[in-house]
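S.K.: Top line first, the protein sequences correspond to chains A and B.
Residues in the first sequence are numbered consecutively from 82, following this note's numbering.
Residues in the second sequence are numbered consecutively from 52, following this note's numbering.
For the record, the hints were derived by calculation from the structure and aren't laboratory data.
Built from N, CA and C at the ideal position, the CB exists for glycine as well.
Possibly wrong hints are sitting among the right ones.
Derived contacts from chain A toward chain B, CB cut-off under 8 Å, selection only [unchecked claim]:
1. Pro121
2. Ser123
3. Met126
4. Asn143
5. Arg144
6. Ala168
7. Phe172
8. Tyr182
9. Gln183
10. Leu184
11. Gly187
12. Ile193
13. Lys195
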Amino acid sequence: AQTVTQSQPEMSVQEAETVTLSCTYDTSESDYYLFWYKQPPSRQMILVIRQEAYKQQNATENRFSVNFQKAAKSFSLKISDSQLGDAAMYFCAYRSGGSNYQLIWGAGTKLIIKP
Amino acid sequence: GAGVSQSPSNKVTEKGKDVELRCDPISGHTALYWYRQSLGQGLEFLIYFQGNSAPDKSGLPSDRFSAERTGGSVSTLTIQRTQQEDSAVYLCASSLRGGGPYQETQYFGPGTRLLVL
């Protein structure tokens, strides 16, 4: 069975600086997708970024980028120029490339932005 | 267009009562998911609907939990004889389900916070 591990329960960063959130996963599959979701106090899960395992190029979305290391089964999220609105819980999630559409979730990392 | 909506936003009930939670997916999305999020935890998969196919109920924690989806759109999650351990945020998500990872991205509603006293 696949598992997703986020080893940092909480991280803090100064506004305008860069922070990296860690995620590792365990799978025997070669075809899969990885996601980072953000959950602010409003509770709504918001997709931040996604990565297909077959792509070697790291995904980027404006200030958000990932460092996808397939051999190491690592999928970290880098947030550049941190803003107060980035404060939230961040969840890493895995989905099989097959017919199983369940998302396997990490426990989350709480990101605090210091003004 | 409108996102995924859920109602009620919050629900307080007494142990032993039944509750119904509603989810309205994004229009045109054929796949619908229910998750449970306990305090300080990640999400736990409950059930998955895809079009007219039989739902994947593998995540339902007990036979007190059931869900249906009428007309391929709105879904209702029912918890019978609620227990205190059922207290959690129940999140619904939908996806387009047309193939390809982008179309499989799940979009979430704001959730229903259930408190069982």
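S.K.: For each hint, tell me whether it holds in the structure or not.
M.R.: Taking the hints in turn, this is what the structure says about them:
1. Pro121: Where the cut-off is 8 Å and the nearest Cβ of chain B is about 10 Å from A/Pro121, the hint is violated.
2. Ser123: Since the shortest Cβ distance to chain B is 6 Å, the answer is holds.
3. Met126: 4 Å, holds
4. Asn143: 17 Å, violated
5. Arg144: At about 19 Å, which exceeds the 8 Å cut-off, the nearest Cβ of chain B leaves the hint on A/Arg144 violated.
6. Ala168: Violated - the Cβ of A/Ala168 stays beyond 8 Å from chain B, reaching only about 17 Å at its closest.
7. Phe172: 6 Å, holds
8. Tyr182: Cβ of A/Tyr182 sits 6 Å from chain B, so the hint holds.
9. Gln183: Since the shortest Cβ distance to chain B is 5 Å, the answer is holds.
10. Leu184: Result: holds, 7 Å to nearest chain B Cβ.
11. Gly187: 6 Å, holds
12. Ile193: 15 Å, violated
13. Lys195: 22 Å, violated
Violated hints for the displayed structure, listed by number in ascending order: 1, 4, 5, 6, 12, 13.
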